[in-house]
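Here the protein sequences line up with chains A and B, keeping their order.
According to numbering that gives the first Met the number 0, the residues represented by the first sequence are 0 to 255, in order.
According to numbering that gives the first Met the number 0, the residues represented by the second sequence are 0 to 225, in order.
Derived from the structure by calculation, the hints contain no laboratory data.
Quantities reported herein were computed from a predicted structural model and do not represent experimental measurements.
Where a beta carbon is used, it is the ideal one built from N, C-alpha and C, also for glycine.
A portion of the hints provided could be inaccurate.
To be verified - Here are some of the chain B residues that sit facing chain A, going by a computed Cβ distance under 8 Å:
#1 Arg33
#2 Arg129
#3 Gly131
#4 Ala134
#5 Gly186
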Amino acid sequence: MIRSVVRAGQILKELGSGAPRLGVTELSERLAMPKATVYGLLRALEQEDLVERDAETGKYRLGPAVVQLGNAYLDGNELRARSLLWADSLAARVVEAVRVGVLVGANVVVVHHVFRPDDSVQMLEVGAAIPWHASALGKAIVAHLDPADRAALLEGGLPTLTGWTIVEPERLAASLAQVGRVGFAVEDQEAVVGEAEIAAAVFGREGVVGAIGVAGPAERLIGEGPHSDVLAAVREIARRVSKDMGARASAVPHRH
Amino acid sequence: MTRSNRPISASAGLDRAFVVRWIEAAASSIHEQRDHLTQLDAAIGDADHGINLDRGFEAGLARVRDSDALPPGRLLQLVGETLILSVGGAAGPLYGSCLREVGRSLGEDEAFDAEALLVALRAGLQEIVRLGAAAEGDKTIVDAYAPALSAMERALRAGRGAAAFTNAREAAEAGMRATIPLVAHRGRASYLGPRSAGHQDPGATSTALLFGALEAAVRPAAERSA
C-alpha cells in the first residue's frame, strides 16, 4: 500500500517537471509502472483534485489542489513567515528586489520574493529552484552547514548556468570558507547573465535555516565590489530575522 | 527580375556604409517591435527586453553617426561597448559582447566580403555561448543565431551568395518560432521550469530582427555594385 503512495508521488512529480500533459501510456513508460496501476492512481488523484483530465486529449495534468498545497507549504514555512516584514523593509531601504530561500537537496528554493519597489514589471520568483552553487542564498546557507553535508554538496553535480558559474569544487570550497569568515555571500552573474545577489544566512535554534538576499543588476549591486550599503543592510536584516527565528546570539556571526 | 531580387555576389564589398545601414535597420526594427519584445519578455522574464534594447540601439546608432572616420570593424566594437554600458539585464552584456567580437574579427579593414562577415558573426556567437553557457535548445538567442549562421554558410558554400542573407534571416525566424514549445534552461525564464514552454523566447526574437536588419542592409550595397 505504501508503494502506491510513492508511485502517486512519482506521477505528480512527473506531471510537474516535464511535459505539462501526459497520457496513461506515456506515464507508464516514463515511470516503468504497469498501465493499470497508473490508471488507478490517476483516478484516485483526480478524485482529490490533485490531477485533472483534459477532456479533449484525455491526457492528465496537475490539478487545482496542488496550488493549495503549494501555498500551504509556503504559509507553513516559518522562515518565510518571520521574514515577510523584514524583507519588505530591506527592499524599501536598498530599492532592490529581496529573496528569501531555503535549501532543498542541491537547490535553493525561493520561498519569498519582494519586488524591487520601482513600479517596473517583474517576474515572481517564488518557487524557483536555483542550483545552490550559482546562488548567493545557496552559498550563504551551505557555508554554514556541517562539514560533511557541505562536502557532499561540493561533490555533487555542479551544473554550469552561465560563463561565470563556479563549478570547480576547490574554488567553491575556498569561496564558502570566505563566506563563513565575512558573514555574507556574493553571486555575480553565476545564475543569470547580468544579474547579481548579495545574501546572508539566517539561523534558527538548531543552526542555519535559510538565507535572505538582495538581487538586482550586476552593475548596480557589484560594480567594483559588493555595494557597501546593500551589504550592511543584508547583514543587519539577516541578524534580525535570525533573532526572530530563535537563534542564540552566539550562533549568529557578528559584524566585523 | 525585381530590384530586390538582384543577385548579391559573395565577394561584394561590404563596408562602413553597410555597417551603418545594418545598425540603422536594427535600431528601427527594434524600435518598431519594442512593445512586442516587451510583451514576450513579460511572459517569461522581467518585461524589459524591448525597452532595454531600444534604448541601447538608439545610443549605439548615435555613436555610429558621430564617428565618420572609423573602419567598419571599429564601428561595431563601438556599438557593442555602448550596448554593454547602456543596456541592463542580460541583453546588454550578451549582444554588446557579441557585436564587439564581430567588430574585432573584422579588424581594421575598410571593406570585407560575406565570408569574412560569416567568420565574424561566428566569433560573436561564440562569445554569447561563452558568456551564457547556452546550447541550441536552451530557449535563448542561440536558437535563432546558430541556425542563421548554418544557413548563411550553406548558401555561401553552394555559391548562392545572393541568397545567403535571406536564408540566414529565414533560418533565424524559424529558430525563433521553434523556441515556443521549449522549456527554458538558461536565464531567468528557467526559474519557471515547464511553465516557460508555450512562450516564444524574446532573445531569439530580437536575434531574428538583427538578421532581418542584416538582410535589409545588404540590398542597397548589391544594387550599387551591380
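Hint check:
At its closest, the beta carbon of Arg33/B sits 14 Å from a beta carbon of chain A; the interface hint therefore is violated under the 8 Å criterion. For Arg129/B, the interface hint holds, the least distance from its beta-carbon to any beta-carbon of chain A being 5 Å, beneath 8 Å. The closest approach between the C-beta of Gly131/B and any C-beta of chain A is roughly 5 Å, which is under the 8 Å cut-off, so the hint is satisfied. The interface hint given for Ala134/B is violated, since its Cβ lies 10 Å from the closest Cβ of chain A, which is over the 8 Å cut-off.
For Gly186/B, the interface hint holds, since its Cβ comes within 8 Å of a Cβ in chain A; the closest pair sits about 5 Å apart.
When each numbered hint is compared with the structure, violations occur for hints 1 and 4.
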